[in-house]
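Visitor: One letter stands for each residue in the lines below.
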Amino acid sequence: MATATAAHPDAHAHEDPQSFVSKYIFSYDHKVIGVQYLITSLFMMLIGGALAMAIRTQLAWPNSGVLKADSYLAAISMHGTIMIFFVLTPALIGGFGNFLIPLKIGARDMAFPFINMLSYWTYVVSIIPLLASFFVPGGPLSGGWTAYPPLSALRGAAPGSGLGQDLWLLSIAIFLISSLFGSLNYLTTILQMRVRGMTFWRLPLTVWSLFIASVLALLSFPVVTGGALLLLLDRIAGTSFYVPAGLFLGGQLVDHKGGNPLLYQHLFWFMGHPEVYIVILPPMGMVSDTLANFARKPIFGYKAMVVSMLAIGVLSFLVWGHHMYVTGMHPMLGTAFAAMTLAIAIPSAVKTFNWMATLWRGKIYFSTSMLFSIGFISLFTAGGLTGIFLGNAALDIALHNTYFVIGHFHLVMGAAALFGIFTGVYYWFPKMFGRMMHEGMGRVHFWLSLIGLYGTFFPMYILGIGGMHRRIFSFEAFGYITRMHDINIVITISAFMIFIGGLVFAYNLIWSLTHGPNSADNPWRATTLEWSTPTPPPHGNWVGEVPAVHRGAYEYSVPGAKDDYIPQWVTPQKAGVVTEH
Amino acid sequence: MSQADNQLERVQRSGLSLGLLIWSFMIVGVISILYARDRWWFLPLASQHGAEIDRMFDIILVLTGAMFILVHALLGYFVIQYRSRGAASKAHYFPHNVVLELTYTILPGLAMLGLSVAGILLWSNIHRPPGPDAFVVEVRAEQFGWSARYPGADGVLGRTDNDVAEPYNVDRKDPASRDDVVNSEIRVVVNRPVRTLLRTRDVIHEFYVPAFRTKRYMLSGVSNETYFTPTRTGTYDIACGFVCGVGHYAMRGQIQVVTQAEFDTWVKQQKTLADAAAPRGAAR
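Just so you know, the protein sequences line up as chains A and B, in that order.
Here the first sequence is numbered in this note's numbering, starting from 1 and rising by one per residue.
Here the second sequence is numbered in this note's numbering, starting from 1 and rising by one per residue.
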């Protein structure tokens, strides 16, 4: 069914839904599924954020009693797991990927609507064991979101290494399968269902970024799904993939033989590093689109933007070892991984300068979406540059597992990706719901977030240089960390600013859904195809024929044109000028 | 499209506050790093290779700091300068420029090439095993404490084998193990290269000595090694850098850097593995 219509975007992939359940619950409509993904991941963000607040309270005021040594480890492990797997990935890939890909390429829906529905509900199913692990004896996993064995393999090794760890592995395995459904769908849709005239070199960068991220997900997720299942077997079936002989836990000889814990680290980071780019590529794409839109300029160096994202995608598979410089990998490998890692700085620099060049001599409108896009550039730079320290294997000896690393990845892939999500929500909310969001509340959200994020993660560089290591519930055993107690207090206060900003955002969402002014079809005077649909778009996206595409995605301020933008769907006759792309 | 539908005319037009905010990050960022250097920086150095790490850190700090300043200075200027100025103003149509793009591809490329080579050379130097006259010690970790094994008079540590069902898996059939000294104190000799074997009894730990700029995982079932040359006598903190269970946060140890004479006197007073085994044999 779906395959038969794949090559023909005008055909309906499926009938209009009739009942409430088929329209909003088990919907096949990519837009509904996208919104479902977004709402679910925003709900998970609230949990992940609340855990972060508990962690920060503990670190600023170690005697506050918010957490204990065991619940602290549970909190950090779940914070990381939730934010990476259950917030950033599903919001960006599942949420925006679903909502935007068909609309932006001129398709009526995804290639496989049923698998799309299945993907969302598999994601929901994966959340259940994860959240259930809070309520089992011993609590959730204790070994950090990376769950390295043997700590995660041996039941007695930590409180969370009991049932909580089993549930975590189950949850991750289900989640990764759900992502796989999504990736296959996005790739097929982008390859097969573009409307007439939508060549690859006319695709908006958002679509390119989601395309590349889907390739990465498709190739990397199965590896860690396998890795997680092997760990589960070590735990429940008596195998020894990761656990060597001769270990003692308490007074007891551990009953395993022949495994190697390094194997898990390789499998994990072979997924773990591409995963970083899976969540940062879509924000790069979305921010490129909004920067061009609100600066009223073509994105600078479109082809370089595409090529640099492809380069990042390829390199992302060749650098996983930089997480393992000091773990016991042969030092010779460290040299190769260091060279590959620093090479990623080149496409990243190209992207950053291209965004800046897009702003240069623009006509900038500071919508909330634009504020978050500009904030993205700042955060991405502040976080990305310290990757040059950490990628350098020799410096990583001093910095690995310290707060320097925490500051780095939170800025470059946490905060920046978060800003990508916010950029996207403020920008596409009118298309999703037919109403505008409140700009004033948006600005409050932006200021609290950006100042809060800098105040939280920039000082962490100093903590790391000063020697504070990760995943410690209290630092009072170490004099050289205690000397930095004041920094920890500043960080915690800043972290609360982010959280309050998030609450303003949540309120703004709810307020705007019911009170926001009605939106026109193309409120931002944008050029890409989703703005040619009615707002909100009906089932099937376009009434009547899907408009053909006549030009590239960024024809803003073309000399000689009547308006300062020429949408992709406007014919050359109507536009009055011939455009280059 | 009617003018009323144009939401662009309803959003904020001034980029002044945003530009100033971006500039303030730049200024506060630089000041806070300069301020921190005197208070919260790397611990005073006590190892040889650490000087090279510190120097390379400073070089990269200057380079990345300059980039951070460049990006934020321009970003702040652009948002203040290029705000929308009403109907009369128009954005400059500037879709690409090969020379500009190649410039900021090649320059960072060259910088990264240089940093790669320098970093790899330093990394390789740090991992070059010391000569046969090095001080050898096995540092041991378990949930949640530290200890050490010294090779004794023969200068050779008894071999370890995962199949030996005993904590830390020392093969006592190996004659070299007889004079090994196991002790809760970790001592090394000043100005003498140290070859450190790392052994864990249970889960993964991490041997992290901030003052030495030394860090290496202690991998279950694997004898990892790390090398350093302490340059000052004294007592230095060891932290377990990798999460290892509930007591991870308090898993602090100490490493004492002493003179050769002090060490020789001390080690002679400690029991060897053979000594420790003897009373048990007698009791039987």
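By construction, these hints were calculated from the structure, which means they are not laboratory data.
Do not rely on the hints blindly, as some may be mistaken.
[To be verified] Listed below are the simulated EDC-like cross-link pairs for lysine to aspartate or glutamate, each with C-alpha atoms no more than 20 Å apart in a straight line:
| hint | chain 1 | residue 1 | chain 2 | residue 2 |
| --- | --- | --- | --- | --- |
| 1 | A | Lys257 | B | Glu101 |
| 2 | A | Lys257 | B | Asp163 |
| 3 | B | Lys90 | A | Glu476 |
| 4 | A | Lys303 | B | Glu101 |
| 5 | A | Lys257 | B | Glu166 |
| 6 | B | Lys271 | B | Asp154 |
| 7 | B | Lys268 | B | Glu185 |
| 8 | B | Lys271 | B | Glu185 |
| 9 | A | Lys257 | B | Glu9 |
| 10 | A | Lys562 | B | Asp171 |
| 11 | A | Lys562 | B | Asp5 |
| 12 | A | Lys68 | A | Glu476 |
| 13 | B | Lys268 | B | Asp154 |
| 14 | B | Lys90 | A | Asp563 |
Visitor: Let me make sure I understand: some of the numbered hints might not hold for this structure. Which ones are they, in numerical order?
Guide: The structure conflicts with hints 1, 3, 9 and 10, although it agrees with all the remaining ones.
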